[in-house]
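> Read off the chains here:
There are 2 protein chains.
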Amino acid sequence: MTSISAIDAIRSQRAIREFSDEPVSEEAVTQLIQAAIRAPSASNKQPWHFLVVRDAEAKRKIGLWYMDSVYSYSGQERPSDGITEPHPIMSAPVLIFACIDAVDVADRLTLGASIFPAAQNLMLAARSMGLGTTLTTLHRPHQDEIRALLGIPESVETAALIPVGYPGGDQHFGGSRRRPAKELTYYERWGATK
Amino acid sequence: MTSISAIDAIRSQRAIREFSDEPVSEEAVTQLIQAAIRAPSASNKQPWHFLVVRDAEAKRKIGLWYMDSVYSYSGQERPSDGITEPHPIMSAPVLIFACIDAVDVADRLTLGASIFPAAQNLMLAARSMGLGTTLTTLHRPHQDEIRALLGIPESVETAALIPVGYPGGDQHFGGSRRRPAKELTYYERWGATK
Numbered sequence: 001m002t003s004i005s006a007i008d009a010i011r012s013q014r015a016i017r018e019f020s021d022e023p024v025s026e027e028a029v030t031q032l033i034q035a036a037i038r039a040p041s042a043s044n045k046q047p048w049h050f051l052v053v054r055d056a057e058a059k060r061k062i063g064l065w066y067m068d069s070v071y072s073y074s075g076q077e078r079p080s081d082g083i084t085e086p087h088p089i090m091s092a093p094v095l096i097f098a099c100i101d102a103v104d105v106a107d108r109l110t111l112g113a114s115i116f117p118a119a120q121n122l123m124l125a126a127r128s129m130g131l132g133t134t135l136t137t138l139h140r141p142h143q144d145e146i147r148a149l150l151g152i153p154e155s156v157e158t159a160a161l162i163p164v165g166y167p168g169g170d171q172h173f174g175g176s177r178r179r180p181a182k183e184l185t186y187y188e189r190w191g192a193t194k
Numbered sequence: 001m002t003s004i005s006a007i008d009a010i011r012s013q014r015a016i017r018e019f020s021d022e023p024v025s026e027e028a029v030t031q032l033i034q035a036a037i038r039a040p041s042a043s044n045k046q047p048w049h050f051l052v053v054r055d056a057e058a059k060r061k062i063g064l065w066y067m068d069s070v071y072s073y074s075g076q077e078r079p080s081d082g083i084t085e086p087h088p089i090m091s092a093p094v095l096i097f098a099c100i101d102a103v104d105v106a107d108r109l110t111l112g113a114s115i116f117p118a119a120q121n122l123m124l125a126a127r128s129m130g131l132g133t134t135l136t137t138l139h140r141p142h143q144d145e146i147r148a149l150l151g152i153p154e155s156v157e158t159a160a161l162i163p164v165g166y167p168g169g170d171q172h173f174g175g176s177r178r179r180p181a182k183e184l185t186y187y188e189r190w191g192a193t194k
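If you read the sequences in order, they're chains A and B. For the first sequence, our numbering gives the first residue as 1, with consecutive numbering after it. For the second sequence, our numbering gives the first residue as 1, with consecutive numbering after it.
Keep in mind the hints are simulated off the structure, nothing from the lab. Backbone N, C-alpha and C fix where the C-beta goes; we use that ideal spot for every residue, glycine too. One or more hints might be untrue.
What the hints assert, rightly or not - With the Cβ distance kept under 10 Å, some of the chain A side facing chain B (calculated, not the full set): (1) Gln13; (2) Lys61; (3) Leu111; (4) Leu124.
As the list claims (entries may be wrong) - Pairwise CB distance ranges, derived in the manner of DEER restraints: (5) Tyr71(A) <-> Ser155(B): 23 to 33 Å; (6) Trp190(A) <-> Ser25(B): 20 to 30 Å; (7) Ser25(B) <-> Gly175(A): 50 to 60 Å; (8) Glu77(A) <-> Asp107(B): 16 to 26 Å; (9) Glu27(A) <-> Ser25(B): 16 to 26 Å; (10) Arg177(B) <-> Arg178(A): 43 to 53 Å.
Unchecked claim - Distance condition first, Cα-Cα at most 35 Å in a straight line; then the derived DSBU-like pairs of lysine-lysine: (11) Lys194(B) <-> Lys182(A); (12) Lys194(B) <-> Lys194(A); (13) Lys45(B) <-> Lys59(B); (14) Lys182(B) <-> Lys194(A); (15) Lys194(A) <-> Lys182(A); (16) Lys59(A) <-> Lys45(A); (17) Lys59(A) <-> Lys45(B); (18) Lys59(A) <-> Lys61(B).
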């Protein structure tokens with residue numbers, strides 16, 4: 001474990017979308033999930049589960065569904081002979097589903113308060129270990145197929161799908177573009193910037 | 001800014017529910033929001049806004065609404081003469097609303113993927129600066145009143161309300177209880193622990 005500061009990890013985290021072949025150890029995955037479960041959750045109920053997928057055939061299927069969602073989202077026309085190439089990001093050495101028990105929660109936005117902080121902890125821990133991640137949710141239109149594939153109960157939401165691996169190609173940490181904080185920070189009243 | 005490691009910040013973050021009178025500088029608040037906006041968001045749209053409240057009367061009103069939600073949530077009977085004492089956590093030196101543009105997003109759980117990682121960044125940065133926070137959402141049943149009070153448009157969701165201050169009373173970082181990670185980590189298939 002390196003000793004990168006919290007602020008440096010936060011500042012230099014960015015989506016890593018291409019991975020090297022360097023394997024990700026089981027111990028590293030455990031450390032990521034140890035970090036995830038330190039996050040807050042409503043009433044400290046810890047309603048989370050983490051499903052780790054390394055199997056190539058499972059990743060291929062997930063990657064095809066993910067690619068289908070990308071076509072839907074972008075409005076691009078699908079290939080006339082169907083989608084045959086899985087989305088490359090889903091060929092990462094490890095995929096982690098961040099899941100949440102979701103029965104009886106009417107306010108679905110608030111439900112996210114008990115899983116996305118855990119996902120962010122996982123991604124910051126990954127950053128501090130030199131591992132790249134991306135927070136993805138485009139698997140969700142195909143959640144039912146994914147549930148069937150991996151045996152996930154209907155009472156559980158696959159809130160996020162996080163590919164994990166060492167950065168490959170020209171991928172690197174840091175330097176993501178952001179709007180200036182002062183434009184979106186208001187004082188005492190909506191719209192009142194300083 | 002201290003140089004606490006990312007892992008130490010993650011491990012020692014916990015909800016701080018009582019605050020000292022030590023003021024929180026404007027610069028510190030800016031640093032928190034600078035950390036928040038490094039978080040990922042869907043398609044890097046950064047659909048967030050942060051509303052900083054220090055005004056005592058506004059905090060008092062928010063604290064009364066929050067207390068009302070606590071009664072609802074716990075099923076406790078309200079005082080016969082009405083709620084006259086605001087919830088003490090809302091008397092923190094600073095309240096920060098983490099808000100998100102929420103028009104046209106059908107999947108409300110997924111909406112959270114673009115605001116709760118930012119909230120977690122803010123809370124980890126706070127931890128690294130010695131500032132305590134709690135991630136709260138119980139203001140949401142009274143969101144309409146809060147919108148009216150602070151001029152927040154209806155197109156915006158106040159996803160989280162984060163009190164910020166230096167820990168007071170016997171409050172301290174670290175040592176939060178968690179279920180062991182190995183019980184909730186599955187490999188290749190739901191329920192398959194190692």
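> Work down the list of hints and note, for each, if the structure agrees.
Here is how each hint holds up against the structure:
| no. | hint | result |
| --- | --- | --- |
| 1 | Gln13 | holds (6 Å) |
| 2 | Lys61 | violated (13 Å) |
| 3 | Leu111 | holds (5 Å) |
| 4 | Leu124 | holds (5 Å) |
| 5 | Tyr71(A) <-> Ser155(B): 23 to 33 Å | holds (28 Å) |
| 6 | Trp190(A) <-> Ser25(B): 20 to 30 Å | holds (23 Å) |
| 7 | Ser25(B) <-> Gly175(A): 50 to 60 Å | violated (28 Å) |
| 8 | Glu77(A) <-> Asp107(B): 16 to 26 Å | holds (24 Å) |
| 9 | Glu27(A) <-> Ser25(B): 16 to 26 Å | violated (41 Å) |
| 10 | Arg177(B) <-> Arg178(A): 43 to 53 Å | violated (35 Å) |
| 11 | Lys194(B) <-> Lys182(A) | violated (47 Å) |
| 12 | Lys194(B) <-> Lys194(A) | violated (53 Å) |
| 13 | Lys45(B) <-> Lys59(B) | holds (30 Å) |
| 14 | Lys182(B) <-> Lys194(A) | violated (47 Å) |
| 15 | Lys194(A) <-> Lys182(A) | holds (7 Å) |
| 16 | Lys59(A) <-> Lys45(A) | holds (30 Å) |
| 17 | Lys59(A) <-> Lys45(B) | holds (27 Å) |
| 18 | Lys59(A) <-> Lys61(B) | violated (50 Å) |
Hints 2, 7, 9, 10, 11, 12, 14 and 18 from the earlier list are contradicted by this structure; the remaining hints agree with it.
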